[in-house]
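Residue numbers (our numbering), protein chains in the order written: chain A, 1 to 798; chain B, 1 to 201.
I should point out that these hints are in silico values taken from the structure, not numbers from a laboratory. Source: prediction; values computed, not measured. Mixed in with the good hints there might be a few duds.
[To be verified] Partial list, derived from the structure: chain B residues whose beta carbon lies under 8 Å from chain A:
(1) CYS80
(2) LEU136
(3) PRO138
(4) GLN139
(5) PRO145
(6) PRO159
(7) PRO161
(8) ARG163
(9) GLU164
(10) GLU165
(11) ARG167
(12) GLY178
(13) HIS182
Even for Gly, the Cβ is constructed at its ideal location relative to N, Cα and C.
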Amino acid sequence: MNRMHIGKDFIPPDIHGKVTGKAKYAEDYAVDGMVYARLYTSPMPHARVKNIDAEAALAMEGVVGILTADDVYPTEAPAPALLTNEPVYVGDPILAVAAVDEKTAEDALKKIRVDLEPLPFVVDPVDSLRPKGASARLEGNIYPREMREMRWAGSDVERFVSGQEPTGPAPTEWSYGDLEAGFDNAEVVLEESFVTTGYAHMSMEPRSVLSYWQNGKCHVYGSTQSQSFVVPFLARMLGIEQKDLVFIAEYCGGGFGSKISAYPVLALPGYFSRKIGRPVMLRITREEEYYVGSARVGFQGWIKAGFTKTGRVSAVDLYIVQDLGPKQAGGDASSAGGAVSILYQPDAMRLRDVPVLTNTTPRGPQRGPGQNQIAAVFEPMMDKAAQALGLDPLDMRRLNAPDSSATLNANQGPITSAYMEEALLKGAELFNWSERIKRAGQRNGSKVTGVGVGQGYHSAGASGYDGLVRLTPDGKLHLHSGVGNLGTYSYASTTRAAAELLKVNWDNCVLHYGNTEEHLPWSSYQAGSNTTFTHTRANHVAAEDLLNKMKRIAAEALGGDPGNYDVADERVFDTRNAARGLTYAEVAARAVSLGGEYSGESYPEDIHEVTQRAVQGLAGSGLIGVGKDKLPVRGTVPGLTVGFAEIELDLETGKHEIIDFLAVAECGTVVHPQGLAGQLRGGAVWGIGMASLERHVYDPQNGLPASVGYYQTKPPSYLDVPTSTEWTAVDIADPDNPVGARGVGEPAMGSATAAILCALSSALGGHLFNRTPVTPDLIVNHVSGQGQSFDPMAINSF
Amino acid sequence: MTSNLSRRRFIKSVIASSAAGASSAAWYSASAEDRPAGSVERLVTLNINGRKRPVDVMPQETLAHTLRYKLGLTGTKLGCNRGECGACTVLVDSVTHYACSMLTHSVRGRAVTTVEGLQDSSGALHPVQQAFIDELAPQCGYCTPGQVVAAVALLRDNPNPTREEARQALSGNLCRCGAYDHYLNGVLTAAKRMRSMGQIA
């Protein structure tokens, strides 16, 4: 298809600021009279605040005020609190102090006496399930959507920690099909226990926030993945109406799930500023970012899978104990189950889930929450089954690969489309799989070659959000994007669906984003890989509205029926006589004089309140195209990826080098090739981190975190990843998106994690570690035959 | 301090530069108060991006702090403030340094270049900056200024680096988005363009 914008690269307007240093992140702003807040965070993993004596601190010169839990909105456990009188992890913010400079604020913290009563705590979910285990919160130790207490019998715990089939009760369960029959039909049945570490997001930008009040409005400069989606939640946190919030998040220094919507510290300076009458800047340190910045949900689990003689996955029984940290979290287990159900299409499946609270870093969604942990577990099992059945690992995956008739989750619901076998075949050809796999296990001195393929999935699309475009009398097309600028460039690339339909040159497009005062429509959350699908739709809908209005205006002005009109070269013209037409500039001018729905004086009733306000703000400035996406969608929108890896593992050091890596996307039509490449390669880097590097360790005796620095948690550097990573895409249009696109950011990580782990396994003759990260010490221990230094289900191990 | 500048004019210019910078007047007055007796001179002139910048500097102040909060040069990012991530990378006499881990007083008499100092006098981007745009190198962009500065330093020393050499040279700069491939593509594209233009700045 000959397209102007979709499938083509472009220069997003925010990138110039990134390379020149002119880009302003929240912490780069400053306003007159600004004071600086610092947080007093809990030194204990669980405690009750008995008393706060801030007299000496408040008497210090330069100290402006204090903010405690009593000053902010109340929360009910386990909802995240802004400030708390019952800290539930080391680093939980108890109070904040503001001073004329940060040094004074920091000095003031030292003069504050916080009287803390220690409470029982737990840093390993299994310890909380023991008969006399501690509860992470006063209200309970598990959170299956409500807080309550649950303990296992001692024998249940012993079975679980030794990696045997769990017998402890699980509060959440779903299933479909006949599990027993599925296992009866199996030629090979595998049982494995597993542990995946729930490590920190650690975005490069610590989440600083600036707030002040002006003319009754609260101005918040923050760092969030989403833009418009944040508004209702942040307004509610601040206790104000949406119209009284000015929210600026033009740049966001990384989120990965930790900044999807409004998070507690985003509201803190607003509260503080209201209390002391000064603008407040809260700078978060790197260490604090490890506390308030969120981490992935950790898994300890057990899985049993049956495979038929031909290699079909016949039954999967999955049991997961989730480490939720101390606050609201926990969709990961169900998402993991969903991923297994779509990627392998098992005939029958059961998921049991024990969501346990611990006094560790609060958890939240992190790039492929659930899907990517289980990719690290199930994909190596596919290889083990393939080995047992004498099948090629790639053929094994082709045999089970989802196509457009695939179903998923407990309800076995439909999907929009899927072409996983095409992705596997395209990648296999490019990677030269059939030759490379022969090299697996080949020795060269102390080094051995490993070759692996891995698959990733995430639901990658939503619907029902709004689009807003505007044509002004200067002939410019204004693309109002409520999508947050999280670094994927989707805030810009999705608007190109509107430019495409209206056939407008990119040079004549003006993007509005990153600031509520730019009149932005209601948007989805920039998470769940949904934006590309969701907002190409919403932009298309808005552009369609604008197109229809243009045709009506032209017919009114020049005669004939709107159906006789078409657009090209930024003109609307009569198809029967192309000379008869109006330029876009002329149409916009006419819309302004016509008023009504043309210029935004009125608008559809079903658009969101946020969009209504945006249209009101733009009324009279041009021809408005606005609408809610009500296009049909037949089911879950799958984002699918495949990773191929060849590694060289040094058996003496336990270290490996990734020789080659190829990422394949199956995400419908490619909208923005460079952006997709960035997501696939970045996903690969994340996958490498999960597979072999990233740690998250707590001291069980004192509940202290041992992972509060990059050097301790070890996100991948240039030297940990391949010198270059190749990518390709299947590029088959999805029928439920007007430009054919689906999302893909998250699965790109899971398939990479899986490919690396499968490659490591193949280098070691098929040994499974059933654990992330697989660090060199695990490998050396295995190779030397001395067993690991911890029990199968242990977490917090080095 | 330059000898042709009176103390009064110097202080006035310090105040002006502070006001123009990111930091507020309150921050300035607060820092002026806790001047330890007998310490190093506080009022210094730095050479930043080829300009003389008079500034009031506390004895324990880091270069990153001075650049960001006193001179308004917020392109230098603080990702960790403890020498782990490289987001604050600047050039001091053409050598890369982590500005978070360097005392401002130690750069007196030396030439400091930040990401803001890389465009030429007409405002044209440095070839590394242009190549980073063309390769869509940044994702979230927070580590980008450090990556740009590290790449510029590499190409001054080695106009024709291999991909492996570029990878080693930039390995002090973390990128959580994992945009490493795109940065390396950018470095090699810039190197090629600079060689063809005969411009190794």
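Do the hints match the structure? See the list:
no.	hint	verdict
1	CYS80	holds, 4 Å
2	LEU136	holds, 4 Å
3	PRO138	holds, 4 Å
4	GLN139	holds, 4 Å
5	PRO145	holds, 5 Å
6	PRO159	violated, 20 Å
7	PRO161	violated, 12 Å
8	ARG163	holds, 5 Å
9	GLU164	holds, 6 Å
10	GLU165	violated, 11 Å
11	ARG167	holds, 5 Å
12	GLY178	holds, 3 Å
13	HIS182	holds, 6 Å
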